Each structure stands twice: as structure tokens, then as C-alpha cells.
Amino acid sequence: MLHRNRIEKITDKMIKSGCDYLLITDPASIDYLLDYYNDPHERTYMMVLAKNHHHKLFLNKLFYLKEDLDLSIEWFSDTDDSLGMIADFIKEGKLIGVDKNMPARWLIPLMNTCQLSHFIVGSYILDEVRGIKDHEEQKLMIQSSKINDKAMDQMKHCLSLNYSEKEMEPLLLDTYLSMGASGHSFEPIFGYGKNGADPHHIGDDTHLKAGDSIIVDMGCIYKGYCSDMTRTFFYKEVSDKQREVYELVLKAQTAAEAAVRPGIKLKDIDQIARDIITEGGYGAEFNHRLGHFIGRLCHEAGEVSGSSEIIAKEGMIFSIEPGIYIKGEFGVRIEDLVMVTRDGCRVLNSYPKELTVID
1 MLHRNRIEKI
11 TDKMIKSGCD
21 YLLITDPASI
31 DYLLDYYNDP
41 HERTYMMVLA
51 KNHHHKLFLN
61 KLFYLKEDLD
71 LSIEWFSDTD
81 DSLGMIADFI
91 KEGKLIGVDK
101 NMPARWLIPL
111 MNTCQLSHFI
121 VGSYILDEVR
131 GIKDHEEQKL
141 MIQSSKINDK
151 AMDQMKHCLS
161 LNYSEKEMEP
171 LLLDTYLSMG
181 ASGHSFEPIF
191 GYGKNGADPH
201 HIGDDTHLKA
211 GDSIIVDMGC
221 IYKGYCSDMT
231 RTFFYKEVSD
241 KQREVYELVL
251 KAQTAAEAAV
261 RPGIKLKDID
271 QIARDIITEG
281 GYGAEFNHRL
291 GHFIGRLCHE
301 AGEVSGSSEI
311 IAKEGMIFSI
321 EPGIYIKGEF
331 GVRIEDLVMV
341 TRDGCRVLNS
351 YPKELTVID
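Under full-length UniProt numbering, the sequence shown has 289 at position 289, and the numbering climbs by one with no breaks.
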């Protein structure tokens with residue numbers, strides 16, 4: 001299905017920026033515009049948006065279409081000069097925007113052939129549109145987060161049975177599939193004890209022992225849209241230090257969420273959480289940005305960080321996930337997804353955040 005409204009928004013931005021063509025190669029971005037996902041591997045795969053609205057998809061004959069995309073398609077085979085075909089289509093363009101992820105093996109030949117054209121990174125045009133979720137996208141992401149909430153409760157039960165970190169991942173996948181999701185939106189993180197001090201820990205054979213913190217960072221895909229949530233539990237007992245750190249992270253997370261509204265700079269939201277953690281004595285242990293945008297991909301363009309000049313707008317969806325990581329001891333991270341609304345924000349996750357000890 002061709003999403004005409006999304007394409008029109010992008011084309012309008014192209015016209016305002018003086019861009020004649022926008023070359024899109026990221027499969028998730030093409031999927032966003034066509035509801036057609038394709039993994040081309042090494043083969044040429046490109047959607048070209050034109051400011052004159054004569055858009056075209058360049059597609060290898062190998063790839064199968066279940067339905068008419070209602071779009072001009074330039075078919076080619078493995079023996080055809082696909083890049084030459086694309087160059088011929090865009091050669092009259094003076095300013096050509098290219099996908100930030102376009103392979104150099106495609107871009108350099110196009111630049112060599114179209115030497116009168118000026119090439120720029122044009123992904124920002126598409127990213128600005130993707131960053132504002134329309135009503136249909138919002139509904140899907142709300143449902144994806146509801147599934148994630150339910151799955152987190154199942155994972156809490158599994159943790160009480162003391163599965164290893166590595167054993168938790170397939171249990172989570174089975175849970176997602178049983179709830180109508182199509183799989184993980186990213187490789188889930190189960191970090192027990194000192195493993196939780198590594199923000200992106202890869203699960204191993206570690207089992208729980210009394211006094212361990214447990215970081216669970218997980219998300220699913222529902223009808224093409226991702227969820228992402230983190231909760232931190234404790235196993236059998238919690239120390240005073242762990243309690244102090246947990247309450248500090250929760251305070252920072254709650255304050256940051258309360259600040260989300262249209263018009264606020266995202267770097268200011270990051271600063272709110274960072275100031276609270278710094279004042280609590282753990283500023284150096286909060287070693288990552290506060291959040292990231294999310295949609296068809298778990299990590300999309302746009303971030304909530306100290307360097308972000310993005311201004312919050314209605315329809316944006318991003319994570320709020322402060323954390324404290326004490327090397328050799330434990331980690332705590334709490335994460336929700338929030339959607340900017342007309343006068344504030346809606347937190348998409350409802351799973352409890354009060355300190356929880358699993359027996």
C-alpha cells in the first residue's frame with residue numbers, strides 16, 4: 001500500500017529545501033512509505049522520490065510483489081546496469097539528497113556519472129516526517145507496548161524460577177509470539193548482578209543469587225512497529241545502596257517524563273534527569289543519553305541527549321531511560337516509551353516501577 005500522505009509530506013519538504021530527488025535505500029524507510037519490506041542483501045534496491053512527483057522504485061526481478069504498489073517500478077535483472085538506470089533517471093537533478101546509509105558502492109558511481117549534480121545527505125527530510133507518528137502508527141505502537149507490558153510480567157515469573165540469562169531470551173520470544181507479536185525488536189538484555197553494570201550486556205550462563213539486581217531490557221514488534229521497555233528487579237533481597245540507587249533512577253525518570261511536552265528541547269529533558277542523578281552523587285555512572293526515537297526500527301533518527309537540538313512535537317515517540325551502572329557491583333535502568341501529546345505526554349508503558357524484590 002502506497003502511503004501517499006507520508007510521501008506528500010516528504011515531497012513538500014524536498015521542494016522547500018530545493019532538493020530535486022531523494023534517493024532512499026534503507027529498507028525500513030521504503031517499508032514506511034510502501035508497506036513493503038524487502039531485504040535486498042547486496043543487490044541494488046532504491047526508491048527515488050522526485051519533487052515533480054514522478055516517483056520510482058528500482059527493483060530487481062528476483063524480488064516478489066504480492067500486490068500492486070501503485071507506483072512506477074523500474075525492473076532490472078542481475079545482468080542489467082541498475083546504477084546506470086538510476087543515474088539516467090536523476091541526471092537532470094541539480095541537488096540530490098541521498099540516504100545516510102547508502103552504500104558507497106552505489107553512491108560513488110552515481111556521483112561519477114552525474115557530475116553536474118550536487119549530492120547531499122538528505123535523510124533529514126525523511127527522518128523529520130518519520131519522527132512524527134501518524135494516528136495509525138500511534139495505535140500500533142500503543143498495542144506493541146501493551147504486549148510488552150504483559151510479557152514483562154511473564155518474565156518476572158520466569159526470573160523467580162532462576163533461569164540463566166541465556167535461557168530467558170527464547171522464553172521471551174515464545175511469550176511474544178503467543179501474544180500476537182512477530183518477534184523481538186532488538187536482542188533482549190538480561191543482566192544479573194554485576195552483569196547489569198554493562199548497559200548492553202550479552203546474556204550468558206549466569207544464574208541469579210540472593211542480592212542480585214536484574215536488568216530486563218526488552219521489546220517486541222507488532223505489525224511492523226517496535227516497543228522497548230526496561231525494568232530493574234532484585235532477587236530475594238536488596239541492600240541499602242541498591243535501594244538508594246534505584247530510588248534515584250526512578251526519581252530522575254519520573255521527573256524527565258513529567259517534563260515532556262510540545263516545545264521543550266530534548267536536551268533539556270536529558271538535563272533534568274542528569275542533574276538529579278548528579279546531585280545524588282552518581283553522575284559519572286550515568287554514562288549514556290536519556291533516550292532514543294523509535295518506530296519501525298527500535299532506534300530511529302533522533303535522540304534525547306545533551307547535544308540534541310530537537311524540539312518536542314506532538315506525535316513524537318521516544319524512550320526515557322536513565323541508568324546508573326556501578327562496575328563490578330550492579331546496575332539500575334528504568335525505561336518507558338512516551339508519546340508527545342497536545343499538552344504533555346502519554347506514557348505508553350503501564351508496568352509498575354516501584355522497587356520489586358523477586359522471591
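One or more of the hints may lead you astray.
Said to hold, decoys possible - No more than 25 Å apart at the CA atoms, straight line, and that leaves these computed lysine-lysine pairs for DSS-like:
#1 Lys139 <-> Lys327
#2 Lys146 <-> Lys100
#3 Lys16 <-> Lys139
#4 Lys166 <-> Lys150
#5 Lys13 <-> Lys61
#6 Lys265 <-> Lys13
Honestly, the hints are just simulated from the structure, not real lab data.
On a predicted model such as this, the values are computed, not experimentally measured, just so you know.
Inset, instruction - Assess, step by step, whether the Cα of Lys166 is no farther than 25 Å from the Cα of Lys150, and give holds or violated. - result: 21 Å, holds
Inset, instruction - For the pair supplied as a hint, Lys139 and Lys327, confirm whether the alpha-carbon distance does not exceed 25 Å. - result: Cα-Cα ~39 Å, so violated.
Legend entry - Pair hint outcome, Lys265 versus Lys13 [Cα-Cα no greater than 25 Å]: 22 Å, holds
Inset, instruction - Please work out if Lys16 and Lys139 have their alpha carbons no farther apart than 25 Å. - result: 30 Å, violated
Legend entry - Holds or violated: Lys146 to Lys100, with C-alpha atoms at most 25 Å apart: Distance of about 32 Å is beyond 25 Å: violated.
Inset, instruction - Given the hint that Lys13 pairs with Lys61, test it: the Cα-Cα distance must not exceed 25 Å. - result: 31 Å, violated
Checked against the numbered hints above, the structure breaks hints 1, 2, 3, 5 and satisfies the rest.
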